[in-house]
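Visitor: Which chain is which? The protein sequence lines are D and W, in order. When you line the first sequence up against UniProt numbering, it's residues 1 to 445, in that order. When you line the second sequence up against UniProt numbering, it's residues 1 to 537, in that order.
Keep in mind that the hints were calculated from the coordinates and are not lab data. Virtual Cβ for every residue (Gly too), placed ideally from N, Cα, C. Among the hints, a few may not be true.
Over the 12 Å line for every Cβ pair with chain D, so calculated as not near, a few chain W residues [as the list claims (entries may be wrong)]:
no.: 1; residue: Gly-44
no.: 2; residue: Gln-181
no.: 3; residue: Leu-194
no.: 4; residue: Ala-389
no.: 5; residue: Asp-414
Taking CB as the label site, the calculated pair distances span [to be verified]:
no.: 6; chain 1: D; residue 1: Trp-408; chain 2: W; residue 2: Pro-218; range: 38 to 44 Å
no.: 7; chain 1: W; residue 1: Asp-260; chain 2: D; residue 2: Gly-348; range: 49 to 55 Å
no.: 8; chain 1: D; residue 1: Arg-320; chain 2: W; residue 2: Ala-103; range: 40 to 46 Å
The primary structure of each chain is shown beneath.
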Amino acid sequence: MRKIVVAGAAGQVGSRLCALLANAGHVVLGIDRNVRPQDAPKGVVWIRSDLLEPQNYAHALSGYEIVIDCAGLAGKARPADYMRENVEATRTLLNAAVNAGVTRFIYISSIAAKFTDRKHYVYADSRNAAEAVVSAAPLSWTIIRPTMIFGPDSAVQANLSKLAGLPVTPVFGDGLSKVQPVVSDDVAALLSQLAFGDDAAGATIEVGGAETFDMHGLLSKLRTLNGADQPAKFVHLPLSFMRASLAMVEGAVFKFLPFTSGQLAAFANDAIADPHPLMAKYLPAPQVLDERIVPPKGAHTTSDSALGKEFYLFTRHLTRTGGTAYQESKYIDFHRRHPLEPIDAFEGLLLKVARSGAFGVWLTDSFTGLLGRQSVVRAKLVLTMALLESAPPSFHELDAPDPKGMAWPFMVLRGIEAAFGVLLGALIFIPAKLILGRKAKGARS
Amino acid sequence: MSDSIVIIGGGASAVHAAQTALEKGRTVTLIDIGVTGPEPALPGASLNGLKTDLDDPVSYFLGEDYSSLILPSNGSEYYGFPPSKEYVLRDVIGADQKVAGIAPLSSYAGGGLAQAWTAGSYPFTDGELEAFPFGWADMEPAYSEVARRIGVSGVTDDDLSAFMPTHESLQAPIPMDEHSQHLLSTYSAKRAKLTAKHNMYLGRARIASLSQDHGDRPACSRCGRCLWGCPTQSIYTPSVTLEHLRRQPGFSYLPGVRVDRFEFDDGGRVTQIVAHRLEDGVDITLPVETLVLAAGTIGSARILLQSLHHAGQDVALSGLMDNRQVLMPFINLARVGSSFDDNSYQYNQLAIGAPMDHPHDYVHGLMTTLTTALIHPVAQSLPVGMRTATGIFRNIHGALGLVNINFADTRRADNTVSLEPGTDGKHRLVINYTPSADEADRIKRVVPKFRNFLMDMGCFAPPPMTRLRPMGASVHYAGVMPMLNDGGDFTTDRAGRLRPFENLIVADGSTFTSLPAKNLTFTLMANATRIMHEALA
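Could you build all of it, start to finish, from the sequences and the hints given here?
Guide: Listed below in structure tokens is the structure:
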């Protein structure tokens with residue numbers, strides 16, 4: 001039994017690593033700014049904290065031997081955020097670990113750290129800088145550089161799958177850059193071995209999966225696994241032009257961009273792992289991409305992120321407090337077990353309007369309260385309320401009456417608001433229902 | 001009667017029959033399926049403490065699989081069944097039943113259905129016992145004995161006491177929450193007018209919940225967790241007695257066993273029972289000197305029917321009864337905008353008595369103030385958007401209440417339990433129930449009476465929210481082997497001895513000859529106690 005700290009313990013790799021270590025009988029301390037995932041093994045001690053706030057966790061590190069840092073910021077972000085989250089956070093954790101007498105530190109970097117063409121790609125720079133911090137530390141260290149990490153909860157996999165599923169798939173550049181995705185379970189398994197491997201001290205190991213593709217090949221494979229009958233049709237977009245023009249505008253319109261110029265570096269560099277003897281030793285047979293890793297489309301017709309957005313909107317609609325990540329995970333979990341899907345076009349329309357924003361959810365809620373009580377939107381709102389009343393902090397708000405003497409006036413106001421909402425909803429939705437109903441009837445006959 | 005007794009069942013009737021037999025110097029073997037529940041979560045925490053401190057509060061309150069979530073598609077109830085009590089109704093048998101007009105629930109839990117009761121402990125009056133071959137004077141010692149065992153609190157000097165005879169060993173009542181206090185003081189202020197106009201009476205509930213320590217069970221700490229399972233056993237459940245039994249010499253417990261039938265000789269003497277272990281299906285036979293059937297009305301009927309069938313005799317047992325219940329939520333208008341105290345006793349602290357022309361038809365209303373139940377089941381039943389419902393609810397939460405109106409039932413020939421060949425070659429239970437011809441009429445008369453009474457108390461009960469619960473929902477089943485002075489086969493004498501058998505006693509609700517409106521559980525325990533006293537005398 002060893003004592004191990006996992007930072008980024010709620011993440012894609014960290015959560016799996018915690019489970020592996022705890023189930024093997026080790027004492028595991030998980031640090032993450034997110035709440036403890038509900039499926040985290042009982043044995044994992046949890047500290048909810050940002051790594052940049054060592055006052056929350058530094059005291060707890062004493063007695064632990066090994067720290068595995070799985071935290072990090074990837075995807076679309078501003079340069080300063082990359083540096084803060086990837087370099088400063090690692091430095092802070094490392095200092096706290098050294099001060100607490102930790103003897104071994106494992107850092108999860110990225111294959112991007114070796115990219116040669118890293119124009120506008122501050123992410124890669126941040127990983128390089130963090131590696132430098134780790135390799136200068138006065139303890140036994142190991143760095144791993146995974147390629148793209150795939151798995152059921154991988155954002156990059158979800159985005160590429162979406163791209164691959166389009167009637168025409170846009171590819172930046174020639175589509176010949178090489179990729180070698182690795183599965184999150186494999187990365188976690190490797191880390192659980194490297195943690196105790198004395199032979200890994202001072203090593204930087206590149207970690208790739210079983211198969212190497214070019215970008216075309218990967219997108220085609222994802223398309224097949226998603227269940228498409230037709231082969232992918234690619235349209236090539238000029239990479240250099242896209243990178244340059246995005247770089248110019250992204251300062252101003254960052255919020256509205258789906259990705260940044262820097263992220264396109266993935267299309268300009270090969271992201272494959274150099275062989276390493278310790279890979280052969282600790283991860284001799286990585287998994288290939290199959291249906292277990294990339295489930296066919298339609299297995300979950302609603303993506304988790306759409307549900308997450310919906311939950312956020314609904315919680316804000318019902319309360320000022322809003323929901324927590326824990327409640328959101330329960331909302332998504334419920335949909336996994338008991339799908340709430342619209343049964344006809346009109347229901348689909350109601351849901352679409354409810355998801356469109358604060359006004360849309362207000363309108364559909366008012367309307368379905370009186371005239372659509374069995375609708376999917378109302379079921380989702382009832383579910384949201386049940387989750388809000390069962391857990392902190394929102395339950396306090398649901399229990400608290402309005403200020404003294406204001407209960408009746410406020411209830412009258414709410415009544416007027418509700419009546420107005422029903423009226424407006426009826427004006428919009430009843431004609432829509434008639435039209436959609438007629439359409440459906442026409443289609444049947 | 002012999003020294004050695006075998007009792008089938010583990011619920012309210014069985015454990016008190018067992019306790020009485022032990023006290024009378026017999027050795028007792030209790031055979032039970034005995035599903036057990038989870039240990040109470042964070043025993044010292046209040047209800048809000050649970051929400052804050054549990055790792056996964058949603059699973060605790062809504063269930064791992066969200067089984068306690070009430071969505072519009074399944075929203076006929078105002079409470080989701082708490083996940084922590086799910087074990088009480090868990091079907092470990094895969095029982096095959098064909099039902100019509102009633103949806104009976106069964107419990108295979110150690111302690112039976114009363115593991116999830118609301119602790120109402122109301123003795124029957126002479127009027128209510130009219131159809132029974134004995135009266136209050138015969139029952140009083142047994143009620144007192146059970147009250148001594150389990151701890152019952154309440155008062156004997158208010159308006160409701162007229163409908164609840166006084167037995168011994170009554171603890172002082174548990175302090176009321178603010179809303180219940182408000183209701184009672186409103187009633188007291190308008191008492192003369194209310195009682196004259198409606199002939200209805202409000203008073204303190206009698207409950208098997210402790211206001212003082214009782215043995216190793218502490219007094220109610222008012223943690224507000226009643227609905228979710230009392231973490232301190234201050235609310236009595238039969239598993240308390242079962243635990244106590246297991247510590248006594250002369251008692252043995254065989255859990256995990258399902259009894260299929262008993263066998264009897266030509267002289268009507270029960271010789272052995274045939275059962276099987278649920279774990280591995282291994283058959284067990286157990287010789288019997290005296291057998292006590294106390295598996296609950298449906299369970300005991302099944303065992304009797306299967307035993308007769310095995311001996312070549314197929315019969316239908318008639319007279320099945322159940323209490324019809326009507327749920328009437330109300331808003332106490334004077335309390336709109338009041339905050340509520342979640343650290344309070346949650347089950348009914350008040351009850352309403354509504355005498356009818358005939359004493360047996362007395363209607364009993366249990367009044368609860370609903371403070372710590374989840375609110376989404378009620379909120380979604382309002383005809384407004386959930387945002388409006390949430391906004392309204394925050395203000396009426398402290399003003400909300402619910403009256404559960406219970407109606408009496410009588411034995412009728414067409415309400416039967418019988419066997420028929422099932423699809424799998426085994427026989428299955430067939431349960432038929434039709435309400436009495438005048439039921440609709442009675443409900444139509446009584447429900448507005450309650451609504452008007454509440455209105456005169458300043459409480460508004462919106463008519464669309466008043467709901468008729470389906471038959472079977474009250475889980476007060478009784479009556480298929482009634483106690484009759486001159487009954488035929490498959491009826492019992494007043495000591496529970498089942499005709500035509502020589503050594504078979506029935507000690508559960510099967511023996512009731514009528515079903516008053518008051519919750520039957522306290523009387524089940526007292527009747528089982530009385531039966532064992534008389535049968536083993």
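Visitor: Next, verify each hint and record whether it holds.
Guide: Status of the hints after comparison with the structure:
1. Gly-44: holds, 18 Å
2. Gln-181: Holds, since 18 Å exceeds 12 Å.
3. Leu-194: Non-interface label stands for Leu-194(W): nearest chain D Cβ at 26 Å, farther than 12 Å.
4. Ala-389: violated, 7 Å
5. Asp-414: holds, 36 Å
6. Trp-408(D) - Pro-218(W): 38 to 44 Å: Given about 41 Å between the Cβ atoms, the range holds.
7. Asp-260(W) - Gly-348(D): 49 to 55 Å: holds, 53 Å
8. Arg-320(D) - Ala-103(W): 40 to 46 Å: Hint holds: Cβ distance 42 Å, inside 40 to 46 Å.
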